[in-house]
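Going line by line, the protein sequences match chains A and L.
Okay, so the first sequence: first residue is 0 according to numbering that gives the first Met the number 0, each after it adds one.
Okay, so the second sequence: first residue is 0 according to numbering that gives the first Met the number 0, each after it adds one.
Do not take every clue at face value.
No distinction is drawn between identical chains; accordingly, a pair holds when it is met within one copy or between any pair of copies.
Pairs of lysine-lysine, DSS-like flavour, derived with a Cα cap of 30 Å [what the hints assert, rightly or not]:
1) Lys33 to Lys55
2) Lys55 to Lys208
3) Lys208 to Lys137
4) Lys2 to Lys137
5) Lys28 to Lys124
Source of the hints: derived by calculation from the structure; they are not laboratory data.
Protein chains: 2
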Amino acid sequence: MEKLTVIKVGGKIVEEKESLKQLLDLFSKIEGKKVLVHGGGRSATRLATNLGIESKMVNGRRITDIETLKVVTMVYAGLVNKDIVASLQGLGINALGLCGADMNVILSEKRAVKDIDYGYVGDVKSVNSETLSDIINKGLVPVIAPITHDGKGSLLNTNADTIAGETAKALAKHYDVTLIFCFEKKGVLMNENDDRSVIPQINPEYLSKLVETGIVKGGMLPKLENSMDAVKNGVKQVIITEAGELGKDSGTVITV
Amino acid sequence: MEKLTVIKVGGKIVEEKESLKQLLDLFSKIEGKKVLVHGGGRSATRLATNLGIESKMVNGRRITDIETLKVVTMVYAGLVNKDIVASLQGLGINALGLCGADMNVILSEKRAVKDIDYGYVGDVKSVNSETLSDIINKGLVPVIAPITHDGKGSLLNTNADTIAGETAKALAKHYDVTLIFCFEKKGVLMNENDDRSVIPQINPEYLSKLVETGIVKGGMLPKLENSMDAVKNGVKQVIITEAGELGKDSGTVITV
Chain A
0 MEKLTVIKVG GKIVEEKESL KQLLDLFSKI EGKKVLVHGG GRSATRLATN LGIESKMVNG
60 RRITDIETLK VVTMVYAGLV NKDIVASLQG LGINALGLCG ADMNVILSEK RAVKDIDYGY
120 VGDVKSVNSE TLSDIINKGL VPVIAPITHD GKGSLLNTNA DTIAGETAKA LAKHYDVTLI
180 FCFEKKGVLM NENDDRSVIP QINPEYLSKL VETGIVKGGM LPKLENSMDA VKNGVKQVII
240 TEAGELGKDS GTVITV
Chain L
0 MEKLTVIKVG GKIVEEKESL KQLLDLFSKI EGKKVLVHGG GRSATRLATN LGIESKMVNG
60 RRITDIETLK VVTMVYAGLV NKDIVASLQG LGINALGLCG ADMNVILSEK RAVKDIDYGY
120 VGDVKSVNSE TLSDIINKGL VPVIAPITHD GKGSLLNTNA DTIAGETAKA LAKHYDVTLI
180 FCFEKKGVLM NENDDRSVIP QINPEYLSKL VETGIVKGGM LPKLENSMDA VKNGVKQVII
240 TEAGELGKDS GTVITV
């Protein structure tokens with residue numbers, strides 16, 4: 000199968016002019032078919048604050064009331080997405096910005112209220128890989144904002160890491176997929192204060208050990224569980240690396 | 000050639016929940032291939048005000064500094080566009096929201112500074128009708144926000160009426176195009192205070208007379224000149240009508 004790279008970049012990188020420029024330069028040099036999934040949480044929080052809307056987070060997830068849904072739709076699907084698309088066009092990449100509602104690419108379900116009412120937050124039900132691969136095969140590069148829809152007329156706020164993982168899994172039917180999570184550190188670190196302690200490779204057995212011994216904890220845990228889920232479901236490998244290292248042979252590789 | 004309807008709806012209609020719902024219901028019932036172009040100026044003005052950004056208008060055009068460009072990108076390409084796309088998906092229409100940067104569909108040029116510096120305002124250079132018709136022929140319905148790009152990495156704010164006109168002209172190579180401008184009145188009125196005085200048909204000679212006699216003036220004049228330009232450049236007919244009359248045999252028809 001042909002190769003495809005799905006790259007997830009977080010808020011901090013896409014929201015600063017200089018780091019975004021560097022990232023898109025590196026992204027544009029990645030050979031072959033590719034997809035970009037982005038966040039934008041910091042800008043959303045800033046806009047919400049400027050509009051007098053309180054940002055409520057529970058377990059790192061944003062409680063999304065109707066006003067917050069408007070803010071994240073504006074920031075993710077408008078400001079951040081179109082800025083990336085225009086920049087990529089300037090670099091000769093024929094980008095197409097999408098949210099999950101566009102061409103029904105990502106259908107989700109409003110999260111049921113248990114202990115916490117997350118509001119307009121959607122959990123991914125299905126990724127329309129036929130439509131996405133059709134677009135990719137035309138030489139277009141999808142740029143996906145973390146907003147999905149319920150198919151009944153409502154937009155829903157959805158975690159960008161989850162979108163990247165689900166998109167990579169769905170596209171694994173069509174391509175040999177590498178999923179890259181770009182973040183602030185060089186990879187998964189053996190010692191979180193030492194950037195040179197990157198663990199080069201992790202498989203499920205090794206992950207269990209890393210969790211048992213407390214080396215992997217906190218925010219890294221859901222990222223790694225997400226990665227494991229991806230490789231167990233057809234994605235060839237997941238790479239966790241620093242944005243500035245994109246395209247280089249570095250970071251932590253997760254495989255089965 | 001196959002028929003295609005390009006519909007432009009203004010800010011007032013798409014920004015109120017009830018009128019948008021009515022419009023999209025009518026839009027979804029229009030048979031055959033179609034494109035929706037929307038505005039969103041009132042919401043942009045409201046958001047700018049809430050953020051303490053002054054909205055400066057000259058000759059009905061928004062002076063777009065860098066902060067205002069962010070606001071219009073958020074509102075037009077984010078909030079309004081994605082709300083329409085999700086609503087259409089709920090009505091069974093496979094919509095795809097686009098700004099001009101997406102797939103390079105509308106390339107524009109930053110307006111040169113003469114007497115007035117409009118800032119990040121773009122005049123349309125070209126509409127990529129091949130890409131648009133390709134999408135339309137797949138059964139997708141493009142929903143176009145009035146944001147374009149310069150191909151060099153910058154987004155530009157562009158008048159939605161102009162986008163509708165230029166898109167209709169470009170697509171006239173591929174289809175038998177009807178362009179419909181939806182607005183607040185029943186059509187072009189002989190007496191602006193009498194809704195029953197709709198002029199059923201206008202051609203270039205008749206328009207000259209209407210202008211000479213002062214019946215057509217003010218904001219209606221650029222709309223009619225825009226329409227005349229469209230029909231002189233391949234668009235079969237332009238209809239100016241009330242949003243609530245969409246799909247009915249009413250309003251003013253402009254032909255050559």
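Evaluated hints:
1. Lys33 to Lys55: neither (34 Å within a copy, 41 Å between copies)
2. Lys55 to Lys208: Intra 34 Å, inter 61 Å, cutoff 30 Å: neither.
3. Lys208 to Lys137: Close neither inside one copy (43 Å) nor across copies (50 Å); limit 30 Å.
4. Lys2 to Lys137: Result: close both inside a copy and across copies, 15 Å intra and 26 Å inter.
5. Lys28 to Lys124: This pair counts as between: shortest inter-copy Cα distance 28 Å, intra-copy 32 Å.
Checked against the numbered hints given earlier, the structure breaks hints 1, 2 and 3 and satisfies all the rest.
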